[in-house]
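Chains W and B, in that order, give the protein sequences.
Numbering follows my numbering, in which position 100 of the first sequence is assigned residue number 119; successive positions increment by one, without gaps.
Numbering follows my numbering, in which position 302 of the second sequence is assigned residue number 1273; successive positions increment by one, without gaps.
By construction, these hints were calculated from the structure, which means they are not laboratory data.
There may be inaccurate statements among the hints.
Claimed, not checked - Covered by chain W, according to a simulated footprint, are these stretches of chain B (three or more residues, beta-carbon under 8 Å):
#, segment
1, 1057 to 1066
2, 1400 to 1408
Said to hold, decoys possible - Here are the simulated distance ranges between beta carbons:
#, chain 1, residue 1, chain 2, residue 2, range
3, W, Glu115, B, Glu1428, 47 to 57 Å
4, B, Glu1428, W, Gly83, 15 to 25 Å
5, W, Ala71, B, Ser1053, 49 to 59 Å
6, B, Asp1297, W, Asp188, 28 to 38 Å
7, B, Ala1093, W, Ala71, 27 to 37 Å
8, B, Leu1359, W, Thr26, 50 to 60 Å
9, W, Asp188, B, Asp1233, 20 to 30 Å
10, W, Glu115, B, Ser1395, 24 to 34 Å
In this text, all values refer to a predicted model and were calculated from it rather than measured experimentally.
Note that CB positions come from ideal geometry on N, CA and C, so glycine has one too.
Chain by chain, the residues run as shown.
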Amino acid sequence: MLLAILTISLMAGLFGLILGYASIRFRVEGNPIVDQIDALLPQTQCGQCTYAGCRPYAEAIANGEAPINQCPPGGQATIVALADLLDTEVLELNAELGEHLDVTLVAVIDEQTCIGCTLCIQACPVDAILGASKHMHTVIAAECTGCKLCLPPCPVDCIDMVPVQQTIDDWKWSNPLDQLQLVQDG
Amino acid sequence: MAKLHHFHGGLVLDGHKAESLTRGLRQASLPQKLILPLRQHIGDYNKPLVGVGQRVLKGETIAACSSLICAAVHASTSGIVSEISQFPVAHPSGQADTCVVIDVDGEDEAASADIVDPGTLAPDEMIQRICRAGIVGLGGAAFPTPPKLSRGKSHGVDTLIINGVECEPYITCDDMLMRNYAAEVIRGCGYLQKILTPRKTLIAIEDNKPEAISAMSQALAAHPLAAAEIIPVPTIYPAGGEKQLIQILTGKEVPHGNLAFDIGLLCQNVGTCAAITRALETGEPLISRIVTCSGDNVVEPGNWEIRLGTPISHLLELAGGYRHGDDAYLVMGGPMMGFALSGDNLPIVKSSNCILVMREETIPHSPGYHDECIRCGKCTEVCPARLLPQQLYWHARARAYERTQEYHLFECIECGCCSAVCPSQIPLVQYYRAAKSEIRAAQKAQFKADRARARFEFREHRLLVKKQRDEERRRLKREALQKKPAQAVDATTFADPVQAALERVRERKKAAQEETR
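Same shape as in the complex, but just chain W (with noise of 0.2 Å):
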């Protein structure tokens, strides 16, 4: 009995200790979750979502504070990965934070009309405009993710967004079924 009850303590000490080892040894650094959930948003960082950006709105999915259903750039798409990560309800996006779009848009700016003022350089959550202060500004365009939030602080209105112009190498196979429901409809 006693024998017992000292080998089953000792053994239950023993795993403790193994158990408190391992926790400080492989101890997982940040919230595993949010990571897959970033990895899962289009990282346009256009604050649509009503966050500072694609982290700050994955974080707050993961703490439960927001719905998964408040992305406009990444679109249904977006909602249903994230509904199968998460494991729950796949939800209509919600219209009111601004709608899809299917075609990626650009900003351009306009350097004739630029004065130079950096406002622009300091909106952009990537780094993608390029300029000094009363210098030429320009956007890198391959960088550009098309979030927009360069427009509001433009005090000339000098940039644009333009859909990127498809090219050769973007260029897609038509699926059959496209076709064939065009034929059905028609």
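Given the coordinates of chain W, assemble chain B onto it according to the supplied hints.
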């Protein structure tokens, strides 16, 4: 001779080769205008080196490599650059790409070439010269040859395979090349042997090309190569596919997700070998190629050695034009893997092996609908990549792209065997191509998102550091200011700064009054 193996599936197709073989190889005349796309290969864009109005000579580099996976473009004849702008190019999208247009002056004046005896060149120098000549794989994919050779050289090549199979119906340009330029091809194999030092070299030619086999055998006898042999392979489509040919010759399968290098093999097309010989022996870059023009809607099918950049309409004129009026359907490549062209104003490029001119009515047009899959399994029987076309179809149709990848969608070589045998006439390859495009687009978007995330996080970090630094600076300033007044009190006799100022003013006034006196 080594024992040959089989690959899974495949089809025996009606060859239609005789039509374009009856007249021999002809030299195409120079067109009025050349349209040279800046990118005629798989890989990155070139940098144009010429300006509008500039005179260029035959063989002059007009666009240089911008990266490793790239191939230079050369002027195919002499003339004046009249335009550098967007022109429609031969691409399934029918879209435009940047092209250099040259108004041909007809003199065909060549730029001076620096010629050295290729025997004295080291392997790396040879690769450099091949790179300068802008050579790409001429079998159809147009992958730049120099990176392939460098990689093969560093990996070590056990068997060099020279591909003269040309298995698609109608196409006979490689057959013609081997009949007319067998010696160049064999010498090219010699140069490749010098670069890659393979243990053996296998030259594979389909057994429906007896003339090519005999011409190549004679050339090999005249210019013997170490451990090289010509191997006739059975005529089964797609025996000319790289992985299929490897399987026929060696019995080895290239594992999923691997390349031929990974199992010690390297394939080169016969056309590429001939181009390498030209580049090394005469210094002539890749400015022309042999193109088959065939089909049931062209008056005189045949093969022409034609300058790159020649508009297809010029080739059609040489071939006597359309047989049945304008009711024409143009395809670049063969009937199995080729793609429809939007018109005949497009230029011939490095990858153009065949221009197929068909009558609209003989083309099995997609009627816009197809029958449902009846799960007969014929597609699986013929798939040379040993995939499950039916499963791929279901998942591609349902846009379940992750599932298609589980079924190895990217191992599909788009040979078209499954579509050809499907009793429901489902355009299977079309579904796979669409799925591949979607997956590639998603990968690209993911890549861009990851970059945006990194830039956003870096910016946050930068702003935080700046804020901390500003705060630190402000704190130091505040501390300095707090110290200063204390010292000032000790230094001056006047405790009150206002009193001190008044005193100074009074003294100055006094001094001024004394001066006026």
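The hints, checked one at a time:
Counting residues of the segment 1057 to 1066 of chain B whose beta carbon lies closer than 8 Å to any beta carbon of chain W gives 5, which reaches the threshold of three, so the coverage claim holds. Taking a C-beta to C-beta cut-off of 8 Å, the segment 1400 to 1408 of chain B contributes 7 residues in contact with chain W, enough for the three needed, and the coverage statement holds. For glutamate 115 (chain W) paired with glutamate 1428 (chain B), a C-beta distance near 28 Å fails the hint of 47 to 57 Å. Checked against the hint of 15 to 25 Å, the pair glutamate 1428 (chain B) and glycine 83 (chain W) passes, with Cβ atoms roughly 24 Å apart.
Here the CB-CB span from alanine 71 (chain W) to serine 1053 (chain B) is close to 53 Å, well matched to the stated 49 to 59 Å. For the pair aspartate 1297 (chain B) and aspartate 188 (chain W), the beta carbons lie near 32 Å from each other, so the given range of 28 to 38 Å is met. The given range of 27 to 37 Å is broken by alanine 1093 (chain B) and alanine 71 (chain W), whose C-beta atoms sit roughly 59 Å from each other. Between leucine 1359 (chain B) and threonine 26 (chain W) the beta carbon distance is about 56 Å. The supplied range of 50 to 60 Å therefore holds.
Roughly 27 Å separates the CB atoms of aspartate 188 (chain W) and aspartate 1233 (chain B), a value that falls within the hinted 20 to 30 Å. Distance hint check for glutamate 115 (chain W) and serine 1395 (chain B): the Cβ-Cβ separation is about 47 Å, which falls outside the suggested range of 24 to 34 Å.
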